[in-house]
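Student: Sequence:
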Amino acid sequence: MGASKANGRLDGAVGLPEVLVRRLRAGELWHAVLLVGESSQAERAARWLAQALLCEAPRADAPCGRCRSCAQFSAGSHPDFWASGEEGLKAGDVEALQAWLATKGHGTRKVYVLYGADEMTPVAANRMLKTLEEPAPETYAILTAKSRQKVLSTLRSRSFTCLLSASPPFLSTDPTSISVVARAASAEDPSFAGLMERVIEWTETWLSGGTTPWEMAASWQSIAKDVPAEEGLLLLAEWLRELMRVRAGGQAERFAEWQEAARRIAPILEVEQYAACVQAVMEARLRLQSHVAWLLNLEQMCVRLREVTTSW
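Using the numbering used here, the first residue of the sequence shown is number 18, and each one after it goes up by one.
By construction, these hints were calculated from the structure, which means they are not laboratory data. Note that the coordinates shown come from a computational prediction; the quantities given were computed from them, not determined experimentally. A few of these clues could be false.
[What the hints assert, rightly or not] List of simulated lysine to aspartate or glutamate pairs, EDC-like, C-alpha gap at most 16 Å:
| # | residue 1 | residue 2 |
| --- | --- | --- |
| 1 | K167 | D135 |
| 2 | K107 | D135 |
| 3 | K163 | E55 |
| 4 | K167 | D78 |
Between the sequences and the hints, there should be enough to build the whole structure, so can you do that?
Tutor: And the structure:
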């Protein structure tokens, strides 16, 4: 795949076709892209693509997860990124987007994402036509849809359609976690110092069944207090994916330094249970975008984790 050499399996992880990633790396990406696939997968693909476009690192390494732009993107505060459509796209959303596009960017590029282009109101879709027909320089549009056929034909004709490859939700490595795992394994970032050991200890305590979900949530909040919430959850999800891989008979790949711990813990659950746990963590990550109170979010996640380990 086009991104495999530079960034692990980033393109495959979110189902992006090779041609799109190749054009991204070459600086030849179309000004408007329509990503068609399951909602959560399309959202992850759109966010990865937007972050890659805004990243300050060389194209072959984007998104690096380390530059100022990536930090702003992860924090949800990037001034040159706009997203709408989580609750349906209406004419007012398009008007707000057009007003934002008219403002001067902070960097060299501006990127916007419109989720659910196949569910836009007809008025909103028609108002988007001119914006797509006459894009400003270095401005990129990313649209998502579950059904290509339901997207207004005039919108389809003004964007390049990419069908996302089917993959089980949440089971592929999340592209934005690549740098997080690398930092956890490195001694260079003091905020991650000793974090992996604490994550392993937290995992074993949870799997032993000796704590309540509320105690688990409070404990996680304490051990991951020095890293951004999203990065902590990404690290946990990747660790659970690693345990799932080892449980299925593989080797610890991304957490090779903790191979012994992975082999010790992996037999506690079945592969299907680990998959369900990964999904619970990634759903908690998605709830961050909805501004759910952090501790409440963690408690919901831990309740689900406890259910997985006790109800199978």
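Student: Hint by hint, say whether it matches the structure.
Tutor: Hints, one by one, checked against the model:
1. K167 to D135: holds, 5 Å
2. K107 to D135: Answer holds: K107 to D135 is near 12 Å, not above 16 Å.
3. K163 to E55: Distance ~6 Å between K163 and E55 Cα, so the pair holds.
4. K167 to D78: At roughly 35 Å apart (the allowed maximum being 16 Å), D78 and K167 break the hint.
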